[in-house]
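Protein chains in written order, with our numbering: chain A, 1 to 460; chain B, 461 to 845.
Read the hints as simulated data drawn from the structure, not as lab findings.
Take the hints with a grain of salt, since some may be wrong.
[As the list claims (entries may be wrong)] Here are the simulated distance ranges between beta carbons: (1) B/E464 x A/N126: 47 to 53 Å; (2) A/Y156 x B/N512: 43 to 49 Å; (3) B/N512 x A/M441: 41 to 47 Å; (4) B/K727 x A/L96: 29 to 35 Å; (5) A/T279 x B/E804: 42 to 48 Å; (6) B/E760 x A/Y124: 48 to 54 Å; (7) B/E760 x A/N126: 22 to 28 Å; (8) B/K727 x A/Y156: 41 to 47 Å; (9) B/L575 x A/V9: 36 to 42 Å; (10) A/H403 x B/N512: 22 to 28 Å.
Note that the Cβ used here is the ideal one computed from N, Cα and C, for glycine as well.
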Amino acid sequence: MRDVYNALVEIVGEEYVSFRKEELYFYARDPGLMPAHEPDYVVAPETTEEVQKIVKLANREKIPIVPMGAGMALTGLIIPLKGGIVIDMKRMRRILEVNEKARYAIVEGGTSQGALKSYLDRNYPNLRHSIPDAPPTVTIAANVVIHGQGRLTQQYGFNSDMVSGLEVVLPTGEICKIGSCSMSPSWFSKGPTLPDLSGLFLGWLGTTGIMTKVGLKLYPKKKMRDVELFVTDREDLIPEILFRLTHTEMVEDITAWFQPKPIIFQGNHHVTLYITGDTDEELEFKRKMVWDSVKEFRDNKDGGFMWILPAMKPTFLDMPQRSVTTFADVKKGGGFEYSGPIALIEKYPVLARKLVELGTKFKVAYSGMARVIGRSHAMMFGIAFTFNRADPDMMERVRKALHEGITFAFDQGGIPWKPTAEEQKMAMERMDPNTLKLMKMIKENLDPNGIMNPGNWEVN
Amino acid sequence: MEFEEIVHRCFRCGYCKFTEDYHDFNCPPYLKFGLDTYAAGGRMWLINAWLNHGIETSKHYAEILYLCNTCGNCKEHCVFTFKEDLLNIFEAAKAELVEKGLVPPAVKDYLQGILVNGNPYKEPQHKRGRWAEGTDIQPFSGQEFLFYVGDVGSYDEPGKKMAGSVGTILPKAGLSIGILGSKEKCDGNDVKALGETGLFAKLAEENIRLFKEIGVKKIITLDPHAYNAFTKEYPKLGGKFKVWHYTQVLAMLIKGKKIPLPGYKVKVTYHDPCYLGRHNAIYNDPREVLRSIPGLILVEMNRNRKNSLCCGGGGGNFMTDVSGLGKDSSSRIRAREASETGAEFLAVACPICYKMLDEAVKEEGLEEKIKVKDIAEIVNQAILR
Ligand SMILES: Cc1cc2nc3c(=O)[nH]c(=O)nc-3n(C[C@H](O)[C@H](O)[C@H](O)COP(=O)(O)OP(=O)(O)OC[C@H]3O[C@@H](n4cnc5c(N)ncnc54)[C@H](O)[C@@H]3O)c2cc1C
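Based on the sequences and whatever the hints tell you, model everything.
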């Protein structure tokens with residue numbers, strides 16, 4: 001025990017290692033609902049070399065390691081299910097390069113979404129990245145590791161599709177470059193036209209390596225940005241509305257959402273859509289295209305655009321949207337967890353009805369939100385519940401509601417996003433056996449000692 | 461514990477760690493130690509764990525609580541409705557440790573110094589007014605204003621220099637003003653922040669009694685911490701006085717043309733003290749004073765006003781030094797930031813900031829590039845040119 005501690009101190013310095021009760025308590029849990037499990041050590045490295053040394057030490061001692069960003073996936077993915085070392089990556093937060101003309105950035109493995117946004121706003125006001133609505137502390141690396149989605153996902157796909165290169169410390173300690181950066185100083189492609197090895201790390205929940213650098217594509221940032229809110233009381237129309245809106249190719253982010261409170265939102269489904277432009281003309285042209293695309297629904301009185309009070313606009317235009325986070329305290333209890341199955345948009349009506357049913361059945365407060373991925377290629381359907389952390393009974397009801405929700409989503413052909421360990425098992429039970437076999441081969445080859453975030457994507 | 465019904469509501473989302481635009485983390489102990497337990501969310505979760513017997517009181521738990529600089533960045537940027545109570549919660553948790561006698565030794569020493577000697581420096585009371593030697597300032601005897609200097613201004617070298625600058629300008633500008641000298645007592649602001657609410661109440665009551673006895677109605681403070689105690693806490697205990705920070709008074713005097721200001725060509729950046737800025741929203745007066753000096757160029761650091769980075773001295777840390785210096789200490793980060801602006805002077809308006817940043821500039825080896833100066837000192841220098 002003491003030897004490992006001393007070795008870690010040797011690597012990162014005394015201040016950044018702990019096996020004191022306070023750190024073990026904190027790093028044993030995330031703000032979601034998964035049961036806590038204490039690590040043996042917590043360590044906060046500052047360089048790739050330090051990460052490498054920690055990984056080598058963990059291999060030598062056969063101790064699990066769990067890379068952690070902000071711990072905000074909420075589904076227990078950073079809870080050290082088998083103990084070991086939690087590696088808090090947030091001291092590695094430098095923004096290393098922005099290539100303005102090729103529109104990409106290279107950041108360290110613990111850089112937060114907020115810091116990149118701020119850096120671009122200050123230094124490259126015509127560039128942006130696909131920021132998620134998670135709190136700004138969440139890290140870019142973790143977000144692509146879990147295939148997150150952000151404000152540009154409707155236009156450019158999952159945030160992991162926007163990766164333009166990686167530096168990874170492999171489970172056996174080698175530092176490996178992935179994509180164009182493996183043979184060039186430039187980080188413009190994560191794979192093509194080489195064999196695309198990024199798939200060995202993206203989506204693997206930290207079980208195949210630790211990302212120490214991420215190349216991320218940036219996109220044009222227009223001077224103006226506005227929001228429209230289309231409202232209908234018919235959930236069955238949402239898929240067609242989204243199909244028509246995406247057909248315009250004029251919209252940035254599109255989300256469809258519903259919630260029982262406050263009363264002005266009750267009973268309706270809202271489609272929030274953002275339009276951007278460099279000039280008033282561009283903005284108005286896009287707005288007209290958007291309005292025209294759903295004219296039929298307006299003419300039939302099935303829905304219409306809601307006037308957004310000027311006082312409400314900043315809430316909608318906020319990036320990340322702070323109001324998403326405050327959902328956690330609706331019950332004055334600081335708790336919030338969501339399952340986010342990825343499903344076909346045509347499943348929106350059944351999933352929405354199911355969520356309302358779960359809210360009633362388990363007497364829990366819910367919020368439903370679907371973010372369009374690509375041109376209506378799929379959606380992330382957020383089955384979200386808030387809970388009071390001081391009310392174990394409510395927490396148990398939310399757990400059950402989430403379980404029933406994700407099972408239903410799987411039955412509807414959905415696949416899990418940032419799944420809990422239990423949801424991973426459920427998904428693997430449904431997977432093609434040869435796919436599972438391939439996953440097992442990859443994991444066993446990359447991580448012969450089984451030290452990387454064990455308990456996750458564990459194929460038996 | 462007071463406020464215990466709120467503690468579990470923290471989502472540990474981390475908005476509180478940042479500046480408003482997410483430029484960088486802005487919580488001093490978190491910047492220095494890099495583990496989430498040291499940030500406001502960490503403290504909230506640990507206090508909740510302690511309340512629910514998930515952890516016991518320990519040396520490290522106390523250290524984490526006492527490393528908080530009470531800078532108020534968390535309160536400023538938290539997105540939840542209970543944000544106003546964040547610092548109250550930390551104070552209440554510290555009060556529990558005080559109650560049990562489990563505070564870190566340096567904190568105990570600090571509090572005992574105040575209890576026994578009336579100041580944390582353990583200096584005799586008669587030395588309190590020494591900084592005033594050589595100025596025109598007189599002992600208080602019914603003048604319109606009391607100039608309250610506080611512990612740091614009375615005993616610490618940078619603080620004394622600062623008190624001297626203010627004590628030189630104000631009488632010269634014709635203000636009827638006096639000091640308490642050896643009768644002055646600690647204002648108690650940081651004693652309260654350290655959770656010693658009993659000692660704070662005693663100090664406040666004694667001060668209020670004295671102020672009333674000698675007819676004090678208007679107070680000018682050197683120290684933003686005292687300003688905070690006098691404006692926010694003393695009224696609750698029956699001490700209602702009109703209170704100004706000296707930079708507010710300087711701004712008024714300059715506006716009223718009571719202080720002649722010749723030109724002074726110098727580039728200055730200003731560091732907002734937490735207890736003047738975030739805690740009391742006084743951002744403009746110090747800047748107005750600087751801007752009114754002809755030829756002075758005021759440049760801002762990246763973090764300013766409500767996003768200012770604390771000097772690291774708040775919450776008693778300037779004395780208790782639980783965190784120590786080190787390259788990631790907020791005072792050294794701040795010194796680097798100030799130097800990056802190209803300013804020749806780093807202007808301060810708080811004796812604690814003066815002490816912390818002066819030391820940090822030296823630690824960083826930046827003395828040739830930038831000098832820490834109090835606003836009154838800069839005004840004095842301008843006058844003397
Ligand atoms: C209010 C709220 C709103 C949200 N909105 C969105 C949203 O709009 N879009 C979205 O995509 N998500 C959203 N999320 C979910 C989640 O917070 C984000 O996806 C976030 O990016 C996760 O980052 P993190 O740093 O917190 O990850 P963590 O929880 O710390 O880690 C997630 C996974 O990544 C692994 N990991 C972490 N760092 C590394 C690394 N360097 N190398 C390898 N593996 C690593 C971990 O082991 C873990 O398996 C939201 C969450 C909340 C609470």
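These are the hints, each one checked on the structure:
1. B/E464 x A/N126: 47 to 53 Å: Check passed, 49 Å falls within 47 to 53 Å.
2. A/Y156 x B/N512: 43 to 49 Å: 45 Å, holds
3. B/N512 x A/M441: 41 to 47 Å: 45 Å, holds
4. B/K727 x A/L96: 29 to 35 Å: With a Cβ separation near 31 Å, B/K727 and A/L96 satisfy 29 to 35 Å, so the hint holds.
5. A/T279 x B/E804: 42 to 48 Å: 44 Å, holds
6. B/E760 x A/Y124: 48 to 54 Å: Hint violated: Cβ distance 21 Å, outside 48 to 54 Å.
7. B/E760 x A/N126: 22 to 28 Å: At 24 Å between Cβs, range holds.
8. B/K727 x A/Y156: 41 to 47 Å: With a Cβ separation near 44 Å, B/K727 and A/Y156 satisfy 41 to 47 Å, so the hint holds.
9. B/L575 x A/V9: 36 to 42 Å: Since the Cβ atoms of B/L575 and A/V9 sit about 38 Å apart, the hinted range of 36 to 42 Å holds.
10. A/H403 x B/N512: 22 to 28 Å: 26 Å, holds
Hint violations for this structure: number 6 only, all remaining hints satisfied.
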